[in-house]
Amino acid sequence: MNEQLKHLNSALQQHPELKYVLTFREWQTDFLRFYQSQTNYNISKDSSSLAATLYKGKKSCSFTVDHPDNPKIEAALKTALDMIDAMPEDPDFVDIEDDLTLARPRQIVNNIEALGLNEKTRILRELAGRAAKYGFELYGTFICNYQSWQMLNSNGLDKTSTLSPIYLEVKAVHKDSQVTVLETFGGDDFSYFKEASFSDNLLTKIALAQNPVVDVAPGEYEVILAPRCVAEFAQYLSSGMRAASVDSHNSFFEGKLNQQLFPTFFSITDDPTDPQMIRRDYGDQGHIYRALKLIEDGQFRAFMCGQYYHLKLGLPKNGNTGACLKIKAGNAKLSDMITSVKKGLYISSLHYMNFINARETSLTGLTRDGTFLIEDGKITKVVNNLRFTERICRIFENLIELEDTAHTIPFSDNYGEFSVSSARAPHARVQGFNISSSTRTI
Amino acid sequence: MKQKIKSIIDKLTAPDISFADVRITSTDYESIFFMNANLRSYGNSKGSPAIGIRVLIDGCFGFAGSKDLSAASIERLIAKARSNAIHGALFQKEKLTFPALPASTGEYVHQPEIDPFAMPKAEKLEYLQRLATSIKPAGKIVHSYVATEFERQEKYYANSEGSYNHMIVTNTLPMMMVVASDGKQTQSRTWPGHMSAGRAGFELFYQQKFEENTETIIKEATDLLVADVITEEKADIIIGAGHLALQLHESVGHATEADRIFGQEISYAGKTFVKPAMLGNFRYGSDILNIYSDSTDPKGLGYSPMDDEGVPARRVDIIKNGILVDQQSSRHIAHKLGLAPSSNMKASFADDYPLVRMTNFCIAPGKGSLEELIASTERGYFLDYTKTWSIDDNRNNFQFTTEIGYKIRDGKIVGIVKEPTYFGITPEFWNACDAICGEEEWAYHSTFHCGKGEPGQVMRLSHGVAPARFKNINVSVKM
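These protein sequence lines are chains A and B, in that order.
Residue numbers for the first sequence follow my numbering, so the first one is 50 and each next one is one higher.
Residue numbers for the second sequence follow my numbering, so the first one is 958 and each next one is one higher.
Extracted from the complex, chain A is given alone in its bound form (with noise of 0.2 Å):
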């Protein structure tokens, strides 16, 4: 057990009157940053933190000390001790997490030193090389992450977890025309990144972006998402299955358990287990982390709850986060789906989404990195980037099929502290898919 942590446990342990979590996480990435094919900046960054939450009746306060050492810990503590009494209550407080299942043990490896800076601008120089000879730079980032927490709690509770996600994501965008394609890669199991076919992928969609430059005008259009869209929008639409959501009355499917909503072979699971993807131990709180049915052939089976909505709500309790959604796969070949349209878009990834109204899971917008035209049962040219106001509700109600295989797609968060998580997701044939507006521009 980390010293820190320890040390503060025991100091707690003098007070029988609190309940508490306590977590000490450390975090380190290695960063490399690329535009027009050559680095833009590399980083390396760690930090240590050790935050604890103190209960005392319905009464909490929390803290944080970052590189912790005993003096910090022991004035944060006093400073909390001090103040708890005078904290308002929350009537809603019931207990804290009490869920002490362990998960099965797994091997980690540190991707920061399995993979090293050699290794990554060897990557990218091969990569960048094959594109320039179709006048394309390459744009993106290349991360490994290694990141770890302990978390105790006075209910016995006593955890750790390590992560080490690495993520790829190469832009090749055309010098002139700056038309843009995206491949990526996301896992913690390097072993499952095949080059060849990585650079072969790329090199794919580069030829596909070398068509024409039309626009649009706004309408609804059969469209391809591709499986980067269909889990971005499953994840937007699982923000209304969160118990928060529905204790904030604003969730669309308050009062929809069981009810049919989709069609029958759309489903969507929560799923920390799955090898090609990034995997967890536990949710938030230190719950055991398992795969939980979201979307089961259409009906909606389960909000993803914790301790404190447990008991607020009355809500099954199961500790998922919907950080490893899993989009059931279809029966369509990828070819077949888009020979079966007539006119419509196909649509690699999303841009700057937004809610409207999150009850009704309105939404605005944009597509970007790759949107393209398709006349007659094949993609003939490129498309400007297009604004679409929908309903997610209504995208997934006007599914007509799914794909065959589903694909692993690595997501990063850009606000709080840096994460890659990842979904799996299949490409999806919609109907009626409401653009609103161009943008004029790629």
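30 Å max Cα-Cα, derived DSSO-like pairs, lysine-lysine:
hint	chain 1	residue 1	chain 2	residue 2
1	B	Lys1324	B	Lys1428
2	A	Lys105	B	Lys1093
3	B	Lys1093	B	Lys1166
4	A	Lys224	B	Lys1050
Every beta carbon over 12 Å from chain B, so not counted as near; a handful from chain A, in silico:
hint	residue
5	Ala152
6	Phe247
7	Lys430
8	Ile449
Just so you know, the hints here were simulated from the structure itself, not pulled from any lab data.
Cβ coordinates follow ideal geometry from the N, Cα and C atoms, glycine included.
Chain A is fixed; fit chain B onto it per the hints.
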């Protein structure tokens, strides 16, 4: 600490290092969150340390940051920054360079009227509890919160050119919101909107008249449940200062960050439609539009005697009489564009890499009051309090929804509309600006949460704006 940072710079005077800088920050932070009149969370951290070391070797920057300021850690960070620069140069075509600047010195200590970290905790909590209780769920109000963040940061900067800066500032972010429901739909109102932060202490709650506006937001959220939506295709709109700050931020502020011109943000935040050839000739907006970046004004969150690259504070015209004339830049990008660096390089904390960031990014005031502007509008809407925002990769196509719109007919407000949504193309929109209110309406509207960069940073910054009118704007979004 001054001696410490200078001693680190001394360690970075190797022949292969053409430029180096070091930042050290210590940050106090406190957050308080009342939900439905109950204290849901209280958290603080005191003296959170951070250090960042950046070196330029062989035309490539390498950086290392940590929260560990020990001597051993500093040696490790220096070695890591050097290694990162040397390895980065293996994947580089163009050597990064910029002209030297003369050494300069900065010192600034901001003292809030009511120091939120020193005031009695009971007094602070009692005020917030009273505020939260006054908007607790009742009637159609089903959810509410009062939230605040206080931050005090002490920052040291030194570079290998001999420049040195030291500053201490206190910032506050207060916010409250109510949600109304009729069982079928929800509508919300915030106060004072999403750009509610300020370079101030607890006095910001009093300055922004929180207690005086609780009944207003309860009534408006409730009334929105039965309000109409806008039915016209196009309309004249007056945008309130709080929301106009965000419109400015997204469609001019980010668009004129020069690192975007060269694609340095493509992987995350995006590009810009602005090209180098547009400088000095591109009509970005109407004749009355004057926009500037000003890191010299201590009233805004973007004030700093010197940026995080050693460039002394500057006020720089970005748009003059509607024409794009300059950019927000780093020393490297300014050199590429043939401009003087604009003093816009900032890192949120010392262990963050400095980026081109807005500081105090402002629209110069025009003439007249908001009341006069409404009175001179025959038919239109006054929109304020941001609900949804979105803008494309090139900062060209935006769409915003505000919480409320006030219908104007014959110069008078005659009712409200819910979720008014407008969209447009950036230069067309700013060219449709025909009136900007005067100094009496001009104020800073600030945020803690401008996201940019990877690993992500959230910057504290301000926008000085007064309400403005835009003619014939698209207000019909089909869904």
